[in-house]
Amino acid sequence: MTRHVLTHTEQEHRADSIVLLLGACFAIGAVPALFVWARLAAPPHAFWPLVPYGLGLLASFAFSAAYNLTLHAPTRRVLRRFDHAAIYLLIAGTYTPMALLGVGGLAGVALTTASWVIALIGVALKLTSVQRWARLGFMLYLAQGWLGGLAAWPFLTRLDGTAVALLVAGGVIYSIGTVFLHTRRIPYASAIWHVHVLTAAACHYASVLLVAR
1 MTRHVLTHTE QEHRADSIVL LLGACFAIGA VPALFVWARL AAPPHAFWPL
51 VPYGLGLLAS FAFSAAYNLT LHAPTRRVLR RFDHAAIYLL IAGTYTPMAL
101 LGVGGLAGVA LTTASWVIAL IGVALKLTSV QRWARLGFML YLAQGWLGGL
151 AAWPFLTRLD GTAVALLVAG GVIYSIGTVF LHTRRIPYAS AIWHVHVLTA
201 AACHYASVLL VAR
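According to my numbering, the sequence shown is numbered sequentially starting from 1.
Worth flagging that the hints you see were computed from the coordinates, not collected in a lab. Take the hints with a grain of salt, since some may be wrong.
Said to hold, decoys possible - DEER-style ranges, computed between Cβ atoms:
| no. | residue 1 | residue 2 | range |
| --- | --- | --- | --- |
| 1 | R39 | E10 | 20 to 30 Å |
| 2 | G105 | E10 | 50 to 60 Å |
| 3 | H4 | A107 | 39 to 49 Å |
| 4 | S17 | A110 | 16 to 26 Å |
| 5 | F47 | T9 | 44 to 54 Å |
| 6 | W146 | L40 | 35 to 45 Å |
| 7 | A41 | F138 | 38 to 48 Å |
| 8 | V36 | A73 | 17 to 27 Å |
| 9 | H72 | I121 | 42 to 52 Å |
Even for Gly, the Cβ is constructed at its ideal location relative to N, Cα and C.
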């Protein structure tokens, strides 16, 4: 049997599909718009730090939609690897403009480098074996997240106040969403989780725009 067995109802799967497609459409529209804006209106040095963020955002939402919407079990297993790997790229990509454009200096370079080292290790682990390195992969997600905590003071003192508020709001929304991710007994839990992910991504997108302007 090659068809994936759903752990929720068909109605819940359709609702989740709608949210995921909205997320993919958001990324497909927002990333080119970000690049065009950066070329036309942002300072010249702001463009390249935005590239890894935009590509990470696009990859994360595209693979998330592809993985969750695919019901062919063998294909789904492959897409799951890329879905999980793309999360590292999005996190590191988000740090890049925040650190290089917002924080700047050696601190910004160090933060960006650390985030990408963790991301590349995480991607390699996820693409080789999802289950074997699951615990280490989760620890790497946490390590990337804690980098922001270590850089809290530079963020607070050097970034625009609204940008910081949006960055924090995105993190809080994402954290609240994990309740639904890990409590699938709640009706439409997966769709609610992905609504939180999309909302958090929109907050971070707005924050990146403020930092890059």
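Here is what the structure says about each hint:
Range check, R39 to E10: Cβ separation about 44 Å, and the 20 to 30 Å hint is violated. Taken as a hint, the range 50 to 60 Å holds for the pair G105 and E10, whose Cβ atoms sit roughly 53 Å apart. Judged by the Cβ atoms, the range 39 to 49 Å given for H4 and A107 holds: they are separated by roughly 45 Å. The supplied range of 16 to 26 Å is broken by S17 and A110, whose beta-carbon atoms lie about 41 Å from each other.
Between F47 and T9 the CB atoms are about 45 Å apart, so this pair conforms to the stated range of 44 to 54 Å. Hint check: W146 to L40, Cβ distance near 36 Å, so the stated range 35 to 45 Å holds. Range check, A41 to F138: about 39 Å between beta-carbon atoms, so the 38 to 48 Å window is met. Taking the beta carbon of each, V36 and A73 are about 40 Å apart, not inside 17 to 27 Å as hinted.
Between H72 and I121 the C-beta distance comes to about 30 Å, which lies outside the given range of 42 to 52 Å.
Hint violations for this structure: numbers 1, 4, 8 and 9, all remaining hints satisfied.
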